[in-house]
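Position chain B against the provided structure of chain A, taking the given hints into account.
Line by line, the protein sequences give chains A and B. The opening position of the first sequence corresponds to residue 1 in this note's numbering, with each subsequent residue numbered one higher. The opening position of the second sequence corresponds to residue 1 in this note's numbering, with each subsequent residue numbered one higher.
Calculated from the structure, these hints are not laboratory results. Some clues are possibly wrong.
Per the computed footprint, the stretches of chain A lying under chain B, defined by three or more beta-carbons under 8 Å from a beta-carbon of chain B, are [to be verified]:
id, stretch
1, 120-134
2, 158-168
3, 172-186
4, 227-239
5, 270-277
Straight-line C-alpha distance at most 20 Å; calculated DMTMM-like pairs for lysine to aspartate or glutamate [claimed, not checked]:
id, chain 1, residue 1, chain 2, residue 2
6, B, Lys221, A, Glu166
7, B, Lys221, A, Glu162
8, B, Lys221, A, Asp188
9, B, Lys221, A, Asp108
In this text the structure is predicted, and so the values were computed from the model without any measurement. Ideal placement from N, C-alpha and C gives every residue a C-beta, glycine not left out.
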Amino acid sequence: MIEAAQVTKTFDELVAVDDLSFDVGPGEIVGLLGANGAGKTTTMKMLLGLLAPSSGRVDIAGRAVRDVDRRVMGYVPQGLGLYSDLTVAENVAFAARAFGVSPPSLHDAGLADVADRRVGHVSLGLRRRIAFLVARCHDPSVLILDEPTSGVGPLGRARLWETIHETAQAGAAVLVSTHYMDEASECDRVVLMASGKGVMSGTVTEIVERFTTVAVTADITDSELRRLQDAGGTVLMGHQGWRVVGLDVKTVSSLLGSTSAVVDTPSSFEEAFVALST
Amino acid sequence: MTWGVERVTVAFGPTTALDEVSVDLDRGQIAVVVGGDGAGKTTLCRTLVGLEQPVSGEVSRPSRTCFQPETSGVWTDLTVLENLRFVAGGYGLGDDHARSRIEELLEVTGLGAAANRLGRQLSGGMRQKLGVAMAVLSEPDLLVLDEPTTGLDPVSRLEIWSFINRSAREGRAVLISTTYVDEAERGDMVVALDDGRVLASGSVESIVDSMPGRLFTADEKTGASSWHRGHAWRVWSPNGDDVPDAMETAPDLADVVTVAAIYREKVGA
Numbered sequence: 001m002i003e004a005a006q007v008t009k010t011f012d013e014l015v016a017v018d019d020l021s022f023d024v025g026p027g028e029i030v031g032l033l034g035a036n037g038a039g040k041t042t043t044m045k046m047l048l049g050l051l052a053p054s055s056g057r058v059d060i061a062g063r064a065v066r067d068v069d070r071r072v073m074g075y076v077p078q079g080l081g082l083y084s085d086l087t088v089a090e091n092v093a094f095a096a097r098a099f100g101v102s103p104p105s106l107h108d109a110g111l112a113d114v115a116d117r118r119v120g121h122v123s124l125g126l127r128r129r130i131a132f133l134v135a136r137c138h139d140p141s142v143l144i145l146d147e148p149t150s151g152v153g154p155l156g157r158a159r160l161w162e163t164i165h166e167t168a169q170a171g172a173a174v175l176v177s178t179h180y181m182d183e184a185s186e187c188d189r190v191v192l193m194a195s196g197k198g199v200m201s202g203t204v205t206e207i208v209e210r211f212t213t214v215a216v217t218a219d220i221t222d223s224e225l226r227r228l229q230d231a232g233g234t235v236l237m238g239h240q241g242w243r244v245v246g247l248d249v250k251t252v253s254s255l256l257g258s259t260s261a262v263v264d265t266p267s268s269f270e271e272a273f274v275a276l277s278t
Numbered sequence: 001m002t003w004g005v006e007r008v009t010v011a012f013g014p015t016t017a018l019d020e021v022s023v024d025l026d027r028g029q030i031a032v033v034v035g036g037d038g039a040g041k042t043t044l045c046r047t048l049v050g051l052e053q054p055v056s057g058e059v060s061r062p063s064r065t066c067f068q069p070e071t072s073g074v075w076t077d078l079t080v081l082e083n084l085r086f087v088a089g090g091y092g093l094g095d096d097h098a099r100s101r102i103e104e105l106l107e108v109t110g111l112g113a114a115a116n117r118l119g120r121q122l123s124g125g126m127r128q129k130l131g132v133a134m135a136v137l138s139e140p141d142l143l144v145l146d147e148p149t150t151g152l153d154p155v156s157r158l159e160i161w162s163f164i165n166r167s168a169r170e171g172r173a174v175l176i177s178t179t180y181v182d183e184a185e186r187g188d189m190v191v192a193l194d195d196g197r198v199l200a201s202g203s204v205e206s207i208v209d210s211m212p213g214r215l216f217t218a219d220e221k222t223g224a225s226s227w228h229r230g231h232a233w234r235v236w237s238p239n240g241d242d243v244p245d246a247m248e249t250a251p252d253l254a255d256v257v258t259v260a261a262i263y264r265e266k267v268g269a
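Chain A on its own, in the form it takes in the complex (with noise of 0.2 Å):
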């Protein structure tokens, strides 16, 4: 449903999005992931058509991104979009006109008893779940969520998910943009972006697979520290000493004339990400 082939997007000397293909099927939940810079805004504003690409195709439901009927189409920005000065049942209520249908039932979203009350007045939480509300009212065939659940408590975000994985199962291709690894774990896929390129694609659990970090249990002096960086480790204070992301275990030891106090361990999913971006 959604597809991007060799997409490049420059704004004269940078390259904000380099030769970048991935593709969302029907019923696909794929989280879009890189650090601040990575080019996933530039992205997803070129798969809804807010940006032509210098090169490269975007397809959306088989057709070019500029000749799709926007209703095909559903989105929850970083913003949420919504009218602060309207009522929830006003804003609802416009978007279902926009988009040609009649307005979603709020009392099945069970946003019936804040009906009358200003957007701009109600918690995040149910703003959140009103963005979604608006974002699906047309029944679309894309879902895109600009980092759909930041600032939610544990319980709301859960919910929140449940409503992404209902309009998946109902046949709808979901492409999610997050920083979160319990949120990146709700993905049938992700897709890792550095330096406007995709460097890696895959479930959560196979990509933490593949990386291991050096811990070292003794203390780092910082001309150690220097050394380790010279070699092109990043070198971080975890809860329990220090951790050496991008070197492997026999370099640390050299490095650090030690081979008791250094070992292998798995990697965080942020320290994976550490490795991909450096």
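The following block gives chain B in isolation, referenced to the frame of chain A:
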């Protein structure tokens, strides 16, 4: 307990923002306050540092306490170096001491290359790192950080946590707030807040051990005490009865905090 808040209640007009909340803080320990927007995290930070007055309860903090607000506290029209120098001047650090301290902080935060960049030209991650560096500059005994990692990518997040761990190791007490439960697992002590009240508190292990009933994983949603997690459903059995077609699962912190929220929703307490 060395410092902290004890059964603190804070109200804004008719709204109770914090309801009998307690947090213990000790040297070398990291306490993480976790909750969604509106849970009371910022009010708790502000009360601890003395910016809000509680209706009841006790607050204790060392005289050398530093606070980084959610907005990072960075002056956008000053450069990175000017921000740090300004703070050093405010604390009356001598020239030599200030210079070596600033040099050290620029090195550990990796902000050295951006030393002459204006605050407003920094990325979100760099700005938050500068904010934390400004907060630890005067070597406080207690460091209070309000959502320093919100909106940051995993790389910046890990760097900030590395810096926080280092501060704790130097003997400071640290309180950090976050909306993300996976970050809370890195603390020595966790306080989960919801609507101004404590959902759970203690070490991660003690919170996980304290969950009443049993937890299962199933392929389908099973009743109201069930929620989506990863590619399956979690089912909480409050009285410990078996759940048909489900496998018993060891809960983690996120599970237990979710269970506590479901319980509160059910009993309406």
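Each hint, compared with the structure:
no., hint, result
1, 120-134, "holds (count 3)"
2, 158-168, "holds (count 5)"
3, 172-186, "holds (count 6)"
4, 227-239, "holds (count 4)"
5, 270-277, "holds (count 5)"
6, B/Lys221 / A/Glu166, "12 Å, holds"
7, B/Lys221 / A/Glu162, "10 Å, holds"
8, B/Lys221 / A/Asp188, "19 Å, holds"
9, B/Lys221 / A/Asp108, "18 Å, holds"
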